[in-house]
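**Student:** Residue numbers (UniProt numbering), protein chains in the order written: chain A, 1 to 400; chain B, 1 to 276; chain C, 1 to 317.
Worth flagging that the hints you see were computed from the coordinates, not collected in a lab. From the three backbone atoms N, C-alpha and C, an ideal C-beta is built for every residue, glycine too. Heads up, a few of these hints could be off.
Stated by the list, open to error - Simulated DEER-style distance windows between Cβ atoms: (1) A:104 with C:305: 52 to 60 angstroms; (2) B:106 with A:29: 14 to 22 angstroms; (3) B:106 with A:39: 52 to 60 angstroms; (4) B:135 with C:298: 32 to 40 angstroms; (5) C:78 with B:187: 50 to 58 angstroms; (6) A:39 with C:305: 37 to 45 angstroms; (7) B:15 with C:231: 28 to 36 angstroms; (8) A:92 with C:207: 33 to 41 angstroms; (9) C:227 with B:135: 51 to 59 angstroms.
As the list claims (entries may be wrong) - Listed below are several chain C residues computed to face chain B (Cβ distance under 8 angstroms; list not exhaustive): (10) 115; (11) 140; (12) 143; (13) 156; (14) 173.
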Amino acid sequence: MAAITLKNIVKKYGDGFAAVNDVSIDIADGEFVILVGPSGCGKSTLLRMIVGLEDITSGDMMIGDRKVNDLAPRDRNLAMVFQNYALYPHLSVYENIAFPLRLAGAPDQEVDEKVRNASKTLELDEHLERKPGNLSGGQRQRVAMGRAIVREADAFLFDEPLSNLDAKLRGQMRTEIARLQKRLGITTVYVTHDQTEAMTLGDRVAVLKRGYLQQLATPRELYENPGNLFVAGFIGSPPMNFLPAEVDGTTVTLPFGTVQIPEEKAERAQGKGVLMAGIRPEFFEDAQIADKVGSDSTFTADIDFVEWLGNETYAYIPFEAPPEVEAKMRELEADLEGEGLRTQLVVSLDGSSRIKEGDKAEIYVDATKMHLFDPATGENLTVDREHAGEIPDHALVTAG
Amino acid sequence: MRKIGLVAGVGAVLVWCLLPVVWIISLSFKSQAAVSGGTDPGFLPLDSFTGFANYADVLADDQFRRAIINSIGISLIATLLSVMIATLAAYAIARLEFKGKKLVLTTALAIAMFPVVSLVSPLFDLWRTIGLYDTWPGLILPYMSFTLPLAIWTLSAFFREIPWEMEQAAQVDGATSWQAFRKVIVPLAAPGVFTAAILTFFFAWNDFVFGITLTSTENARPIPAALSFFVGPDPFQRPAGLLAAAAVVATIPIVLIVLVFQRKIVAGLTSGAVKG
Amino acid sequence: MTSATVATPATDAGKGPKSAPPEVSDRARHENRLGQRLVAPAVVVMLVVTAFPIMRALYLSLYNYSLTAPEDRQFIGLSNYLTALTDTLFWRDIGVTVLYMVVTVAIELVIGFAFALVMHRVIFARGLIRTSILIPYGIITVVSGFAWQFAFTYQNGFVNGWLPFIEDDFNWFGDPVPAVIAIMVSEIWKTTPFMSLLLLAGLAQVSEDMVEAAKVDGATWWQRLWKVILPNMKAAIMVAVLFRALDAYRIFDNIFVMTAGAQGTESISFLTYRQSIEQFQLGMGSALAVLLFLSVLLVAFLIVKMFKVDLAQARGE
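This is chain A alone, in the form it adopts within the complex:
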């Protein structure tokens, strides 16, 4: 077991393209850290630099107290589960799991003992003699993990290990990985683009965009206190709503009306012109159902479309945005790999709400949890820094 430290890691390719830019992450011994971000954010490259499959252009990579920048993968004593599992098709499940031990020249008895232990943990006992080609997706996944377990490696690395499984299996395997990691107490770095995995698995989550670290924090911190527009838009589903907002005292003017925000937040947003307000869909409620309705925090809106999911209802409310805000939102959408859709508000209402398409409905909003972003830099002006983990300075300038 060991801590892993990334110090100012940079990866530049021959053509000058920087896949990873000045990323620093401290991973404590036994910690489960997630690297998450859209395609091209550098998360896999970063993982491959940790394991040694990719050169480090500059910066220090430490495992425990050892600087490993120039060590070959086999000298780093790490175990990795690949996206396609990379099982050796010509070897049986048993020999696949035993492969690292065989390479290390372990005696047969030790190999057998360790392989049997791993297969018991992973419930692979009855498949040991089969070839990987005959296994189901979930079984292959477990064999790949078995290969990692027998190693007694210093850390586990996962590269999008669940992306090839169907939704149901993905959920099961997610729990299994989490349980295994807790039991073995082994340092783990896990790459994913799926935010459910990021939120549920990680002790801490590192959000990356175009090679830059945006924020490194616990899932709760990321959700409640995103450091910038990008993180706010990336974490949460359905995503946070962004609306043009003007702040005057504690009054915030939004496209569909005005709401009051706490003084402390309002102070930090004074005199900045048009801002972007970020409100999560669940901060809204059908005014007829909500219990703490006040006239200063309700508004009337034309409901364009309704999706009823049983336990909750999503309602869509279109609005007009000034050109500069709209441009910013399109840019953000592109960063998040979304389509430049119409500007609309998504509100999540209780499942018992009777609001229908075409209604003029009264909607309540809990404005105290609203965040205000500077549209020029993307910085979250109202972030609670004490509860937001690490936010690198550049994330406030370069962000979406």
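Knowing the structure of chain A, use the given hints to seat chains B and C on it.
**Tutor:** Below, chains B and C without anything else, positioned relative to chain A:
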């Protein structure tokens, strides 16, 4: 209707492929007298059937027996060496980034379309000077250079199909580059190596130009050359029956290989040429 | 990232030299060295038998040099080339060679495509049909030449008897046109399978979905073939044509066996062979070898330009 068309198509393909083969087999069973006299011009040997007489004569011929040994020996050695060298080169081309890769590929392509005959006179001259003329190595070398492009293409196509991750996983599991190559890549590429070997063998077995120009005696003369120089007892009349029997003998190894490895050959031929 | 950057760091690095990479890492340097070492034996073997002889041919082509009188060797500049290029025999043989190439490739393309369609659609007897088609491919060209020569001779052959409008004593090898046809038949028989296998691979790459979509859109079988299938396997067709055309241009074995170049069936390869090996005119032979080599390059260039063959695909990149 569709079904009938398909059956007809299959029939056409089979007739196309097998008719000349049946014809030469039929010819090999006709008596020499009937063939030279033109007394039995039909497709099948009717009143001129001589059983295996022609085969017995052919196999009793010392020159032809030598030619068989030469062909088998030279083709096998050339195949073995060519495939070994091609495996290394193909691995490098499929997996590694190095200066001069384009050059290697272009050289291979250029040699693949090289007119063999244009090498004949300088090679003839050169081989005589350095003593390779009419020897096994004198044929093995050109066979290797002309089969390498095909072997390299076929093999690099196979190597490319092996997921990158397989090798990286081995490295992370603690393998050296050589171990990763030996324990993971080679076993996975074995079918490809085998296919390349078959195609290479076919080329060497089929070669005619080098065979007639770089040899002069039964020392190294391979089957195709021996067939073309095959003269029976009567120098003014080609011994068609004997030739046919010899041709059938020369074709047997090909048919055996095709029967056993049909699938691999088709995969190899197409993977090298059409790469998605 | 992920697959894009993971799978192609090589290409990224490959663009390096132009934009001056920041620094070459140890790993890249090691990889470079290893790669060059691994291809070195192949390159050496390929060049030993081609590069040196072609240089030697260039050199010898400038001499009047005959093996029957080696001591009379004499530098004569470009005379051999001039002699060849002003000789009608040379141009006739070029013409015959191009004729062989164009006719055989055209016919093989049509028959090969028909065979490929049959193999693609057929479910029963798949192994049988593929095994059969590999036999002409694997058979020695000389054997094919013999088989067809005997088939065409009027004394023993079956062709005259089977063809209704041909006299039973018609001599195929007595006149240029039928002799060329007989040679083409042997050539086409032997190489159509290769063509059809390449086309089969191309056919397999045309997605079934697309063909079914065309069917739903109301395309007839003929329309599907011309508007959907053929355009989508253009690359495979072009590569097959390129390979086969260059091969056909070098035609030699069948001519040697079936007519020995008589009756105007001689190809440019055969002429070169005859000059250097049979008549021991190494000087003239070398000049013809160089001209043959140049003409192959020209043919390759013309095909690539004319049909816009994607050479990257031909190289298997």
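**Student:** Tell me, in ascending order, the numbers of any earlier hints that this structure violates.
**Tutor:** 2, 3, 14
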